[in-house]
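Numbered by mature numbering (1 follows the signal peptide of the UniProt record, and there is no 0), the letters in the sequence shown go through residues -21 to -1, 1 to 287 in order.
Keep in mind that the hints are not guaranteed to be accurate.
Said to hold, decoys possible - Quick list of simulated restraints, FRET-style, between CB atoms:
1) N117 <-> N214: 58 to 66 Å
2) T17 <-> S200: 35 to 43 Å
3) S192 <-> N214: 17 to 25 Å
4) N238 <-> D38: 37 to 45 Å
5) M78 <-> E14: 43 to 51 Å
Said to hold, decoys possible - Pairs of lysine-lysine, DSSO-like flavour, derived with a Cα cap of 30 Å:
6) K187 <-> K169
7) K230 <-> K187
8) K285 <-> K4
9) K187 <-> K285
10) K195 <-> K168
11) K168 <-> K135
12) K169 <-> K215
13) K168 <-> K230
14) K230 <-> K215
15) K169 <-> K72
16) K215 <-> K195
17) K195 <-> K285
18) K4 <-> K168
19) K168 <-> K215
20) K135 <-> K215
21) K187 <-> K168
22) K135 <-> K285
23) K230 <-> K195
24) K72 <-> K135
25) K135 <-> K195
26) K135 <-> K4
27) K285 <-> K230
28) K4 <-> K169
29) K135 <-> K169
30) K168 <-> K72
31) K168 <-> K285
32) K195 <-> K169
Please keep in mind that the hints were generated in silico from the structure rather than gathered at the bench. Cβ atoms here follow ideal geometry from the backbone N, Cα and C, with glycine treated the same way.
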Amino acid sequence: MSFAFKTMFLVLSIVLSNCDASTYKKMSIMWGYPEVTTSQPANTSLSWDQCLLQCYQEDSCVLAHQTSFGCNLYRFNSISSARNPSPPYREDKIAFKTMISTNACPVTPFNNTSTYSYQNGDRVVYSTTLTYSVGSNNDSIITFNYATLQCPIGSKVFPRGTLWVCLSVKYFGNDAYCANYSMASALCKKNGGTLTGPMNTEEYNYFKNVSPSVSKIAPYSVENIRIWLDGNSVNKARVWVMEDSTHNGDKAYPYSADNPNSDVPGCALYFYEFPNPVVDDFYNYNSFLSYGGYCWRGAACRLDIKIV
């Protein structure tokens, strides 16, 4: 379903790209006014163009409202709905953020909903979903719904396409300082997640920096630890079965020279050679505490993000 918004155009767009998909953040401008608010807006004396730019650049801003006195900015969780009236139009204008899949300015870019999210710190994401409907007198209604998402302590939030995920390195307890791939998978599941691996350079840098925690890898040195990653050759050598479908397989795994080089199935992937780790594979079924002085000390996990 699509709705005919009156006198609408789109300005101020940037591209937010990840892998194979792109979405564009735009300000949708139309005649209209805030209808239901939950707190007072920020009143400014900015020109309309300056106000649009400020709202566009400010993560927490969800709607700008032009009045005869200036411009009001509504931020996260401060407005519940706005109205785009049928003719005769009021003189007020509103503008709000939308995410669309084209950089062109379509006549009607909306279907039913549009969601805009932004990250605040290492663990929190604020998400605003706009829903479009037709109200009385054939007016168009824009409804704002808000959600606050939070990652568990000890993890960090990252975007993967339209998803937000929590990444963490979990370590085996004192009863099993070093453990095999199956135990790594179970460790992630015990913490409410799944084995994962880096999707891009940003995630790789996170894993390489957080993995060699001196207090958590003891009694082993940084040079001697290994961290299990998602990727298990179940049926065929070097054909990796992944637990986590959100990180595009091993495309961003930094393999070491000539590795992985296993010639039989039953091997799994891991980080080694910290502080700049590369990836190799090793038998996934061994029951060991250490091997040649090396310790498979923990696992790269994707944990669930929660609505709070």
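ask   = What hint numbers does the structure not satisfy?
value = 2, 3, 5, 15, 16, 18, 20, 24, 28, 30
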